[in-house]
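*Asks:* Going line by line, the protein sequences match chains W and P.
Using UniProt numbering, read the first sequence as starting at 1 and increasing by one per residue.
Using UniProt numbering, read the second sequence as starting at 1 and increasing by one per residue.
Wrong hints could be hidden among the right ones.
[Claimed, not checked] Below, in silico cross-link-like pairs of lysine to any residue (SDA-like), each with a Cα-Cα straight-line distance of 25 Å or less:
{"id": "1", "chain 1": "W", "residue 1": "180", "chain 2": "P", "residue 2": "399"}
{"id": "2", "chain 1": "W", "residue 1": "60", "chain 2": "P", "residue 2": "415"}
{"id": "3", "chain 1": "W", "residue 1": "60", "chain 2": "P", "residue 2": "387"}
{"id": "4", "chain 1": "W", "residue 1": "227", "chain 2": "P", "residue 2": "448"}
{"id": "5", "chain 1": "W", "residue 1": "128", "chain 2": "W", "residue 2": "104"}
{"id": "6", "chain 1": "P", "residue 1": "173", "chain 2": "P", "residue 2": "200"}
{"id": "7", "chain 1": "W", "residue 1": "60", "chain 2": "P", "residue 2": "182"}
{"id": "8", "chain 1": "P", "residue 1": "375", "chain 2": "P", "residue 2": "307"}
{"id": "9", "chain 1": "W", "residue 1": "167", "chain 2": "P", "residue 2": "377"}
{"id": "10", "chain 1": "W", "residue 1": "57", "chain 2": "P", "residue 2": "401"}
{"id": "11", "chain 1": "P", "residue 1": "466", "chain 2": "W", "residue 2": "29"}
{"id": "12", "chain 1": "P", "residue 1": "398", "chain 2": "P", "residue 2": "348"}
{"id": "13", "chain 1": "P", "residue 1": "433", "chain 2": "W", "residue 2": "179"}
{"id": "14", "chain 1": "W", "residue 1": "20", "chain 2": "P", "residue 2": "467"}
{"id": "15", "chain 1": "W", "residue 1": "67", "chain 2": "W", "residue 2": "117"}
{"id": "16", "chain 1": "W", "residue 1": "2", "chain 2": "P", "residue 2": "470"}
{"id": "17", "chain 1": "W", "residue 1": "56", "chain 2": "W", "residue 2": "1"}
{"id": "18", "chain 1": "W", "residue 1": "56", "chain 2": "P", "residue 2": "409"}
{"id": "19", "chain 1": "W", "residue 1": "190", "chain 2": "P", "residue 2": "370"}
{"id": "20", "chain 1": "W", "residue 1": "60", "chain 2": "P", "residue 2": "8"}
{"id": "21", "chain 1": "W", "residue 1": "130", "chain 2": "W", "residue 2": "160"}
{"id": "22", "chain 1": "P", "residue 1": "445", "chain 2": "W", "residue 2": "223"}
{"id": "23", "chain 1": "W", "residue 1": "180", "chain 2": "P", "residue 2": "466"}
{"id": "24", "chain 1": "W", "residue 1": "98", "chain 2": "P", "residue 2": "413"}
{"id": "25", "chain 1": "W", "residue 1": "167", "chain 2": "P", "residue 2": "30"}
In case anyone wonders, no lab produced these hints; they're calculated from the structure.
Residue-level listing of the chains:
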Amino acid sequence: MKVSLFITCMCDIITSNVGKDTVELLERLGCEVDFPDAQTCCGQPAFTSGYLEESKKAMKQMMRAFKDSEFVVGPSGSCVGMLREYPKIFAGDPEWEKEANNLAAKSYEITQFLVDVLGVTDIGSTFKGKVTYHPSCHMTRILGIRDAPYTLLKHVQGVDLIELPIKEDCCGFGGTFAVKNSVISGEMVKEKSLHVSETGAEYLVGGDMACLLNIGGRMTREGKNVKIAHITEILNHHQ
Amino acid sequence: MSIKISNAPYNERVQEGVKNDFMRKAVASAQGRFRSGRQKQADELGNWEDWRTLGEEIRTHTLRNIDYYLEILSENVSKRGGNVFFAKTAEEANEYIQHIIKKKNAKKVVKSKSMVTEEIGLNDALAEVGAEVVESDLGEWILQLDEDLPSHIVTPALHKNKEQVRETFAVKKGYEQSDKPEELASFARQQLRQEFLAADVGITGCNFAVAESGAVTFVTNEGNARMVTTIPDTQISVMGMERIVPTWEELDILVSLLTRAAVGQKLTSYITSITGTRLEGESDGPEEYHLVIVDNGRSKILGTEFQSALHCIRCAACINVCPVYRHVGGHAYGSIYPGPIGAVITPLLDGYEDHKELPYASSLCGACTEVCPVKIPLHEQLIRHRQIIVERENKGNKMEKLAMKGFAKWASSPAAYKLSAAAARPALQPWSKNEMIKSGPGPLKGWTINRDFPAPAKQTFRSWYKNRQKGREV
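Put together the whole structure using the sequences plus the hints.
*Replies:* Following this line, the structure appears as structure tokens:
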């Protein structure tokens with residue numbers, strides 16, 4: 001199966017290890033992975049801030065970059081969620097409507113792709129440690145992915161998966177919200193950090209690096225010794 | 001009071017909320033109860049999503065034909081001996097009601113809980129004509145005694161605890177017992193009973209008006225709307241023009257959704273209706289009945305992309321799941337309508353000028369949209385507000401505007417993107433220590449107030465990938 005990796009700008013620039021794990025994981029499961037070099041950002045920072053025209057320029061670039069791809073798979077519920085919103089945004093646009101539908105229909109978040117498309121639930125990986133999982137908002141509510149990450153994590157040998165209290169509450173990231181409403185965002189992430197501590201987990205795992213950097217950044221600020229890990233890091237781990 | 005409840009700047013209101021530890025504990029605990037209650041009821045019903053779809057369909061149909069249904073309602077209320085007044089503005093509604101109070105020479109008015117009367121500032125208008133107003137919903141009564149404001153649209157005194165209530169009762173009403181809820185409630189009951197009996201006029205809001213029969217219906221747990229509507233001979237109901245259902249059948253469905261979504265109840269304790277006046281041969285009903293149908297900015301929402309915001313049945317499910325509301329409380333919104341629905345409708349009803357921060361008071365997590373029993377796409381409407389603020393109202397931040405223009409150039413040019421991606425790490429080097437940024441420049445500043453940010457990776461993903469491909473080709 002031919003898969004184009006949608007790296008997301010954050011995982012390209014800030015946390016590039018996530019991309020490496022994603023590529024290795026897909027290849028291990030027999031996918032032929034390519035990386036369309038013309039991809040940039042899904043446009044979400046501008047879109048959610050109200051800059052529709054600016055965001056569309058980014059979106060058009062993404063549609064051009066993935067035009068010929070069979071499947072587009074990315075390690076982020078939120079960024080893939082943005083691609084899935086393109087049809088709404090370009091509805092009625094004679095030039096781009098079709099392209100938007102085309103990209104949205106073939107785009108998947110990585111755990112969704114593994115479980116729903118490849119039909120895999122056990123990757124055959126091993127990871128020893130106490131783990132708690134934060135189900136990020138857009139992954140859950142925009143993409144509707146609720147079970148796939150848990151299914152995959154439960155099959156990892158050695159993982160002790162502990163339920164995160166009030167897991168459905170937003171961590172306070174919210175894109176520019178974290179900067180513009182830093183007081184409220186700060187209170188939200190403080191509560192999330194508290195809930196992570198309550199689990200006693202050594203690792204906080206998630207499917208969206210932005211949320212993990214938010215919670216992880218709060219936890220290091222508080223001097224907590226909980227590591228953050230994108231779910232692909234756990235799934236691509238053997239020992 | 002009106003829709004706007006504070007003159008303090010947004011940031012100050014937020015700080016005030018965040019600092020109020022007691023309120024935050026009370027909100028978190030109430031949210032916990034409401035959320036699990038709502039979920040339990042939704043699960044028990046089984047096909048909750050179908051119910052939501054039905055709720056949405058009923059509201060969509062009704063709003064699309066609102067002129068028709070309002071006319072039918074108006075005809076039926078008139079046929080039953082009631083007077084109907086269509087008020088375009090809050091002032092018109094208040095003047096009409098003041099006129100009745102004066103005509104009746106009413107000295108005391110009892111009210112049941114109503115958000116629309118808060119919105120139009122009716123209590124102040126009644127005071128102007130010398131009428132004493134007594135709120136009869138327990139939460140509203142506590143707030144009235146304490147000269148405080150509602151912080152939630154269903155449980156208005158959510159931000160107060162029983163010790164505070166005891167104190168208020170003691171200072172304002174000479175209460176001498178403990179802060180046991182049973183004793184507090186019993187005291188309120190005795191006090192309010194006297195008010196009901198002494199009132200000249202009863203004023204109610206409206207949960208839903210049933211067009212086919214002209215019945216105006218109230219949903220309460222305390223039975224106070226029944227007391228308000230039963231005792232005084234003159235009755236006035238005030239309704240937002242969108243609070244209408246075609247027939248009893250739709251009322252049934254919407255009330256089923258309302259009580260479950262609001263507080264996790266299968267059924268409320270009391271559903272009360274007024275259907276016009278006591279006609280000849282009838283044994284009950286008021287002597288005089290007025291229905292005031294308030295527009296106050298609603299009709300200009302009709303036909304716009306925000307029309308579905310008028311579907312709201314005021315259940316507050318969106319408020320109960322909102323993580324922002326959880327930390328700042330209701331008063332921080334500066335609007336009588338707080339939370340996600342408040343952030344959507346306040347700028348629509350009262351303009352952007354005083355409320356331009358509200359659409360940004362959301363992390364767009366979508367929890368509100370997910371629970372709304374009539375499927376209002378709340379977080380999408382917040383994004384639409386942001387677009388209007390930036391594009392039409394030109395109230396966006398100037399620096400942000402420049403940054404977004406830059407973003408568009410960056411993200412539409414792979415070459416520019418690649419250059420800056422590679423430059424990110426060296427550019428942030430001066431602020432990085434041990435791969436971590438504790439106090440960042442520019443937009444990172446807001447982030448690093450509360451948390452650290454990692455230094456960009458030593459090698460971008462795309463450069464790693466490129467090298468890997470090269471290695472493979474060799």
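*Asks:* List, from low to high, the hint numbers that the structure doesn't satisfy.
*Replies:* 5, 7, 17, 20, 23
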